[in-house]
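Chemist: Chains A and B, in that order, are what the protein sequence lines are.
With the working numbering, the residue at position 261 of the first sequence is 331, and numbering never jumps.
With the working numbering, the residue at position 37 of the second sequence is 43, and numbering never jumps.
These are computed hints drawn from the structure, not numbers from a lab.
Ideal placement from N, C-alpha and C gives every residue a C-beta, glycine not left out.
It is possible that some hints are incorrect.
[Unchecked claim] If you anchor each label on the Cβ, the simulated ranges turn out as follows:
{"id": "1", "chain 1": "A", "residue 1": "123", "chain 2": "B", "residue 2": "145", "range": "48 to 58 Å"}
{"id": "2", "chain 1": "A", "residue 1": "181", "chain 2": "B", "residue 2": "231", "range": "21 to 31 Å"}
{"id": "3", "chain 1": "A", "residue 1": "91", "chain 2": "B", "residue 2": "206", "range": "48 to 58 Å"}
{"id": "4", "chain 1": "A", "residue 1": "351", "chain 2": "B", "residue 2": "78", "range": "28 to 38 Å"}
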Amino acid sequence: MFETTALNRRNERVQHAFRLLFGLMTVVLIVPVVLILGVLIWKGGPALSIDFLFTDPRNGMTEGGILPALIGTVWLVTVALLASVPVGVAAALYLSEYASDNWLTRIINLAIINLAGVPSIVHALFGLGAFVLFFGFGTSILSASLTLAVMTLPVVIVSTRESLQAVPLAFREACWNMGATRWQTIRRVVLPNSVSGILTGVILEVSRTAGETAPIMFTGAAFFLPFLPQSVFDQTMAMSLHLFVVSTQVPDVPEHLPYGVALTLIGMVLVMNAASIAFRTYLRQRRKW
Amino acid sequence: MDSPAQAAQPSAAASGSKLAIRTQALNLWYDTFQALFDVDLDVKQGIITSLIGPSGCGKSTFLRSVNRINERLGYVRTTGRVDVLGHDIYAPSVELVQVRKHVGMVFQRPNPLPLSVRENILFGLRVHADGEQRLDRERQGQIVQEALEQVLLWDTVKDQLGEPALRLSLEQQQKLCIARLLPLKPSVLLMDEPCSALDPQATSAVEELIWELRGRYTILIVTHNMAQARRASDECIFMLMGKVIEHGATDEVFVTPEQQETANYIEGRYG
């Protein structure tokens with residue numbers, strides 16, 4: 071009565087086939103990542119040097135380093151985060167901890183999701199209209215960073231809200247029952263227990279911000295500027311735009327140069343992601359539940 | 007531990023007839039569903055009163071209206087009057103934070119905060135002392151020790167004060183949840199099935215503790231477990247479909263109930 075039947079064998083074959091299919095898809099997913107990294111290291115590796123990172127481009131950007139672009143990207147990302155994180159976290163706190171579930175809240179949530187789906191070139195035009203022209207910030211780091219901030223805001227809000235909602239309701243109830251106000255509950259219990267998740271979201275946004283080209287192209291990034299920005303009202307070079315420029319806009323660029331720029335950009339992003347994972351692990355260990 | 011039944015008589019006399027909680031014509035709606043109908047109850051000070059009744063009879067709802075935690079839901083509407091120690095807690099001038107301070111609540115599942123044992127005890131004080139003068143460490147230690155001694159937990163956790171409260175056993179966690187209310191010097195402790203997540207041994211330990219706290223605090227305890235109500239309360243309230251059917255000394259309610267519904271419930275015919 072316990073022998074294998076024909077039906078058992080067929081089920082078994084189907085199950086193996088699906089397992090193989092799903093496994094293959096996973097491999098397909100990983101291959102491009104490995105290839106990209108491999109090609110970049112192979113072709114761009116020789117370009118990397120201390121000089122490459124810390125000197126200005128020379129000779130119509132066909133020689134020299136990438137210092138202004140590197141520093142420019144750091145400026146852009148930092149200012150964008152300074153704008154988007156406080157606003158995004160505050161909005162998420164409002165939506166998660168204060169707002170009641172009514173039609174207005176639902177419309178706000180819908181708007182956030184839609185904002186996340188707006189193409190970056192549209193954000194670029196919005197930034198040009200709003201920050202460069204209307205507010206009169208000109209093409210500057212400020213305009214470009216604010217454009218990037220608007221673009222990343224929905225993701226910061228959504229990821230923060232998810233981290234906040236991962237804190238069990240029982241903790242909040244316990245606080246309220248001891249007479250804690252909402253703010254005391256947030257400050258003493260909710261935020262300390264969600265900060266690792268919030269930071270993860272924020273740092274992942276850093277890497278996305280660093281790579282964006284379209285939103286900064288009209289709003290603050292320059293084709294070529296052989297000096298470093300002095301304030302947020304200056305224009306700046308940026309890694310992503312510089313990569314575009316040396317790949318397509320300048321003749322006679324040695325092959326290894328664009329690859330070196332790309333490798334540096336990816337390296338920055340990987341370092342930031344690694345830092346975020348390390349930091350999250352550290353915070354999780356401190357967490358008490 | 008004394009047998010509750012024997013101890014009940016003298017203490018009820020000792021605490022006199024002072025009322026801890028008095029409700030008059032208390033009605034409560036969840037949206038359109040009415041959960042409480044004209045509840046008039048007098049809960050005496052310093053004794054343990056148990057609330058029994060089948061699921062959905064409104065006993066937890068009643069409990070939750072005594073510290074106004076129901077209002078968090080937003081769609082709750084209440085009419086009538088709830089007095090705690092002679093003060094109407096639904097009066098417009100009432101500060102919710104003060105209500106919660108004087109009327110503490112213990113939940114079904116132990117819910118210590120994700121903080122150390124010590125910080126759990128001090129949490130209430132910290133919340134209520136925000137911005138005011140801070141307690142020095144010595145005084146803090148004293149408060150923690152007093153609270154833990156009152157819940158019979160000091161001896162077992164005195165060496166783990168800095169450890170996460172969530173690493174304690176469930177029994178210890180539930181005792182801690184009671185202990186953290188005490189530094190605020192509450193007058194009433196509301197307990198919503200405080201033993202239902204615990205094993206039998208832990209249950210009897212927590213029951214013993216509740217009995218220990220009797221006299222110092224007015225305790226109102228919701229329970230599904232009739233044996234528990236019988237052995238660990240002075241007075242007993244039986245509710246059905248949002249109405250109070252019977253309220254009297256526990257012994258009388260269990261031995262000679264006045265209402266037929268009460269008798270049926272106690273005999274296990276429904277619920």
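Chemist: Please check whether residue 91 of chain A and residue 206 of chain B have a Cβ separation lying inside 48 to 58 Å.
Modeler: holds, 51 Å
Chemist: Taking 21 to 31 Å as the hint, is the beta-carbon distance of residue 181 of chain A and residue 231 of chain B inside that range?
Modeler: violated, 50 Å
Chemist: Is the gap between the beta carbons of residue 351 of chain A and residue 78 of chain B within 28 to 38 Å?
Modeler: holds, 35 Å
Chemist: Okay, residue 123 of chain A versus residue 145 of chain B on CB: inside 48 to 58 Å?
Modeler: For residue 123 of chain A and residue 145 of chain B the Cβ distance comes to about 57 Å; the hint holds.
Consistency note: the structure conflicts with earlier hint 2 alone.
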